[in-house]
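Number of protein chains: 2
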Amino acid sequence: MFKGLLSVFLALVAVTSIMAKSEKTAVKQEKRVPQTLSRGWGDQLIWAQTYEEALFWARSRNKPLMVIFHLDDCPHSQALKKAFAKDKEIQRLADEHFILLNLVYETTDKHLSPDGQYVPRILFVDPSMTVRADITGPYSNRKYAYEPSDMNLLRNNMERAKTFLKTEL
Amino acid sequence: MFKGLLSVFLALVAVTSIMAKSEKTAVKQEKRVPQTLSRGWGDQLIWAQTYEEALFWARSRNKPLMVIFHLDDCPHSQALKKAFAKDKEIQRLADEHFILLNLVYETTDKHLSPDGQYVPRILFVDPSMTVRADITGPYSNRKYAYEPSDMNLLRNNMERAKTFLKTEL
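Chains as they are written, first to last, in the numbering used here: chain A, 1 to 169; chain B, 1001 to 1169.
Chain A with its partners taken away, still in its complex shape (with noise of 0.2 angstroms):
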């Protein structure tokens, strides 16, 4: 019995190796798809790839910028992502209104980071170039965090970001 028993463990020993082996194999010689600018918040999207990039588009066309800061494996990020994806209305705004930045690192310009840096945290700039701390969400812990069940909120709140700041310059 002892012994049946040895011969299966390295019968199974020896079947997870080789399919650890082809496994590790396939990995490498697997096509990478290429990553998105997206991220997944939205393809249809036009995105910026950097800070610099967006500063230039606000001023440039006049539009306010949004930009939404998150991590791939904090849970709290990848939901409200996928809120953001789904409502049709915020997709459509952002499309038609904004200049749109996701970043998975942070900027060196501390005022994107008026309560700290945590994710996910949504900021808008003014074309003007003001970080218009004024618009938060709905935790006074954490002013810029948005969850799922907050996308009324943040619809409302890029209402109020297309409004901009009255300003001498």
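Take these hints with a grain of salt, some might be off.
With a straight-line cut-off of 27 angstroms between C-alpha atoms, the simulated DSSO-like cross-links for lysine-lysine are [stated by the list, open to error]:
1) A:Lys86 x B:Lys1082
2) B:Lys1110 x B:Lys1166
3) A:Lys63 x B:Lys1031
4) B:Lys1031 x B:Lys1088
5) A:Lys31 x B:Lys1162
6) A:Lys162 x A:Lys63
7) B:Lys1031 x A:Lys31
8) A:Lys31 x B:Lys1082
9) B:Lys1110 x B:Lys1162
It is worth saying that the hints were derived from the structure and are not from the lab.
Mind docking chain B on chain A? Use the hints.
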């Protein structure tokens, strides 16, 4: 005869305007191809999105960073991109030994433009965060420019960048 020509003309106008209309609708409804981070410089390579991200990777993975500045509407950039993307040895070196970043907008780091902001230009950054201003192309007036015929030199320069600067950091 005149009447016959006129009706043919009117029919043509009608068909043309219908075609124009349906084309317009088609363009509007056409799905956009998601933008890729590679922008054609190697879809199988892994690209950083921003300079901050690239520096973080270079430092944490102890790999040199290669920054390619280019523009979509610059024929020199396009020609270099084509040569870069189809050079198998350059693609292999890039994949195995470098953190990669291609940018169409300048960063705020003046060290990345030692002799001015022009495209195309390629800069290497040591994992110690030092821009390798010593690794140059063949042109004295634009030291960091390369042309499609300079792929041998670019490969050699990539090999040089793999040899890290000695640093106290």
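For each hint, the structure was consulted:
1. A:Lys86 x B:Lys1082: violated, 36 angstroms
2. B:Lys1110 x B:Lys1166: The hint holds at about 23 angstroms.
3. A:Lys63 x B:Lys1031: This hinted pair holds, its Cα atoms lying about 23 angstroms apart.
4. B:Lys1031 x B:Lys1088: Roughly 32 angstroms between the alpha carbons, so the hint for lysine 1031 of chain B and lysine 1088 of chain B is violated.
5. A:Lys31 x B:Lys1162: Distance ~26 angstroms between lysine 31 of chain A and lysine 1162 of chain B Cα, so the pair holds.
6. A:Lys162 x A:Lys63: holds, 8 angstroms
7. B:Lys1031 x A:Lys31: holds, 24 angstroms
8. A:Lys31 x B:Lys1082: holds, 20 angstroms
9. B:Lys1110 x B:Lys1162: holds, 23 angstroms
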